[in-house]
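S.K.: Between the sequences and the hints, there should be enough to build the whole structure, so can you do that?
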Amino acid sequence: MNKENHQVLLEIKDLHKEYDTRTVLDGIHLRVHKGEVIVVLGPSGCGKSTLLRCLNGLESIQGGDIQFNGESLVGSNVNWQKTRQKIGMVFQNYDLFPHMTVIENILLGPIKVQKREKKEVMEQATQLLERVGLSDRKDSYPRQLSGGQKQRIAIVRALCMNPEIMLFDEVTAALDPEMVREVLDVILGLAKQGMTMMIVTHEMGFAQAVADRILFIDEGKVCEMSEPKEFFTNPKTERAQQFLNIFQF
Amino acid sequence: MVYKLLSFGFFIFLIFPEKNLDGGECMDINWQFIISTLPLYQKAAWITIKLGFWGTLLSVIIGLVCSIILYFRIKVLKELVEIYVELSRNTPLLIQLFFLYFGLTKLGITMSETTCAITGLAFLGGSYMSEAFRSGIEAVSKTQIESGLSIGLSQTQLIRYVILPQAFAVTMPSLAANCIFLFKETSIVGAIAIAELMHVTQDVIGMYYQTFESLFMLVVAYLIIILPLSFLLSWLERKVRYAEFGN
Ligand SMILES: Nc1ncnc2c1ncn2[C@@H]1O[C@H](COP(=O)(O)OP(=O)(O)OP(=O)(O)O)[C@@H](O)[C@H]1O
Ligand SMILES: [Mg+2]
Chain C
1 MNKENHQVLL
11 EIKDLHKEYD
21 TRTVLDGIHL
31 RVHKGEVIVV
41 LGPSGCGKST
51 LLRCLNGLES
61 IQGGDIQFNG
71 ESLVGSNVNW
81 QKTRQKIGMV
91 FQNYDLFPHM
101 TVIENILLGP
111 IKVQKREKKE
121 VMEQATQLLE
131 RVGLSDRKDS
141 YPRQLSGGQK
151 QRIAIVRALC
161 MNPEIMLFDE
171 VTAALDPEMV
181 REVLDVILGL
191 AKQGMTMMIV
201 THEMGFAQAV
211 ADRILFIDEG
221 KVCEMSEPKE
231 FFTNPKTERA
241 QQFLNIFQF
Chain E
1 MVYKLLSFGF
11 FIFLIFPEKN
21 LDGGECMDIN
31 WQFIISTLPL
41 YQKAAWITIK
51 LGFWGTLLSV
61 IIGLVCSIIL
71 YFRIKVLKEL
81 VEIYVELSRN
91 TPLLIQLFFL
101 YFGLTKLGIT
111 MSETTCAITG
121 LAFLGGSYMS
131 EAFRSGIEAV
141 SKTQIESGLS
151 IGLSQTQLIR
161 YVILPQAFAV
171 TMPSLAANCI
181 FLFKETSIVG
191 AIAIAELMHV
201 TQDVIGMYYQ
211 TFESLFMLVV
221 AYLIIILPLS
231 FLLSWLERKV
241 RYAEFGN
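Chains as they are written, first to last, in my numbering: chain C, 1 to 249; chain E, 1 to 247.
To be clear, the hints were calculated from the coordinates, so they are not data collected in a lab.
In this text, a Cβ means the ideal position worked out from N, Cα and C, and glycines have one as well.
Some hints here could point you the wrong way.
To be verified - Cut-off 25 Å, straight-line C-alpha distance, at most; resulting in silico cross-link-like pairs (BS3-like, lysine-lysine):
id: 1; chain 1: C; residue 1: K221; chain 2: C; residue 2: K3
id: 2; chain 1: E; residue 1: K142; chain 2: C; residue 2: K112
id: 3; chain 1: C; residue 1: K192; chain 2: C; residue 2: K34
id: 4; chain 1: C; residue 1: K119; chain 2: C; residue 2: K138
id: 5; chain 1: C; residue 1: K118; chain 2: C; residue 2: K86
id: 6; chain 1: C; residue 1: K86; chain 2: E; residue 2: K142
id: 7; chain 1: E; residue 1: K239; chain 2: C; residue 2: K138
id: 8; chain 1: C; residue 1: K229; chain 2: C; residue 2: K3
id: 9; chain 1: C; residue 1: K86; chain 2: C; residue 2: K3
id: 10; chain 1: C; residue 1: K192; chain 2: C; residue 2: K229
id: 11; chain 1: C; residue 1: K192; chain 2: C; residue 2: K3
id: 12; chain 1: C; residue 1: K82; chain 2: E; residue 2: K142
Claimed, not checked - The following residues of chain E were derived to be distant from chain C, with all beta-carbon distances above 10 Å:
id: 13; residue: F33
id: 14; residue: L40
id: 15; residue: L57
id: 16; residue: L100
id: 17; residue: K106
id: 18; residue: L229
M.R.: What follows is the structure, encoded as structure tokens:
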């Protein structure tokens with residue numbers, strides 16, 4: 001599947017990120033086209049989470065540029081409230097709001113931030129819940145759900161804002177193995193529908209199945225960027241070979 | 001709950017020990033006196049309740065505003081709040097009251113005794129409530145705040161829909177303690193000539209020398225006010241906790 005001639009949705013140019021004096025991202029370049037699924041791989045601490053967090057303004061950046069739909073996300077006059085509606089993000093620890101029911105969690109953004117009609121949002125939420133197989137849990141509290149269910153709700157919460165791109169940061173890392181599948185299936189479904197996504201994961205089989213391109217980062221630099229088949233069967237760099245060896249017994 | 005009732009029983013037992021044990025009246029309690037001063041105490045109790053209620057309510061409002069100023073680190077205001085909290089927590093209520101009542105009069109600002117008393121209580125309570133809210137707000141995890149931000153909430157929406165409801169559940173026990181603390185502190189405002197319970201008791205003792213009966217009435221009056229309040233607060237605490245944590 002070649003989506004490289006699609007419109008560029010997100011462009012990262014020479015991104016630099018430092019914590020105090022430590023460089024964590026060191027000149028990242030990346031173009032994400034509409035409908036493309038980029039899986040970000042790399043050893044622990046290489047800066048994968050930091051990269052995603054820079055994209056929706058949870059971290060400030062020290063150099064380079066990020067353009068979303070042609071608009072720069074660097075500088076003090078970025079309207080993050082508006083931008084974040086277009087960039088959905090799901091974290092590792094399914095941070096649903098514990099004092100709200102499932103449906104309240106989902107409706108908060110669309111109604112309070114986007115000022116949409118409750119009835120219309122409700123319809124969309126119901127459809128999305130059905131799609132992830134949780135339409136009967138509308139009125140449950142997060143504490144009454146399993147980890148996998150919570151994570152699927154977190155995905156629905158982000159989707160209900162109608163984002164143009166979804167960022168997933170190790171969304172299955174905190175889950176029991178038998179729940180991993182149900183969450184990955186939802187993400188696979190999104191890929192089939194053409195959702196643009198950037199996914200950080202340690203599930204190699206899933207990465208291979210879902211990715212259009214693999215972005216391999218090491219020590220804050222793009223080490224390799226290739227199609228999944230090529231990356232997994234014939235990695236170009238030694239670092240990538242070493243990394244893949246860890247997953248083989 | 002049970003302990004609250006027990007403490008009340010224990011108090012009664014302390015007062016009438018002999019009577020309970022052998023039925024003989026060792027201490028001569030002047031019931032006639034108690035009945036005749038009852039209306040005085042009733043009136044005073046209402047004043048105490050009024051002072052406690054408004055003092056607590058204003059304290060909560062002041063505390064909420066202060067803690068939000070601290071959260072947003074608003075320049076200048078933040079420093080003012082910090083000075084206020086230190087000043088208020090490290091000086092006795094009595095001195096604060098005297099300053100408001102006598103000191104401000106010197107500066108040409110006069111308040112009625114009641115306004116002054118409620119202001120004093122609110123000045124004291126506001127800082128305690130502010131500290132309580134602050135610790136509650138600090139207990140809200142960073143990931144909660146980030147997941148709020150990532151659905152596009154503004155700072156105010158974040159406070160309103162995510163931070164305060166969660167902070168409230170954490171803070172509720174200290175809010176309840178502060179609330180009871182403030183009701184008890186009303187016993188000090190009699191110093192500026194308000195006929196609340198403590199003041200009336202001192203008056204009555206001065207006039208009739210019925211020290212024991214007067215003090216007995218005083219304690220009972222406070223228990224009658226504070227025990228139900230305490231029940232109400234425990235109930236509220238459990239309700240708020242349940243909404244948040246489910247236990
Ligand atoms: N708030 C912070 N302050 C200072 N250093 C940080 C901070 N957050 C992350 N780092 C450092 O930045 C580097 C990159 O962290 P990041 O979380 O992006 O790694 P990662 O690739 O997501 O790792 P993992 O696979 O373990 O999640 C790490 O070395 C980490 O120690
Ligand atoms: Mg990470």
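S.K.: Quick check: which numbered hints come out false for this structure?
M.R.: Every hint satisfied by this model.
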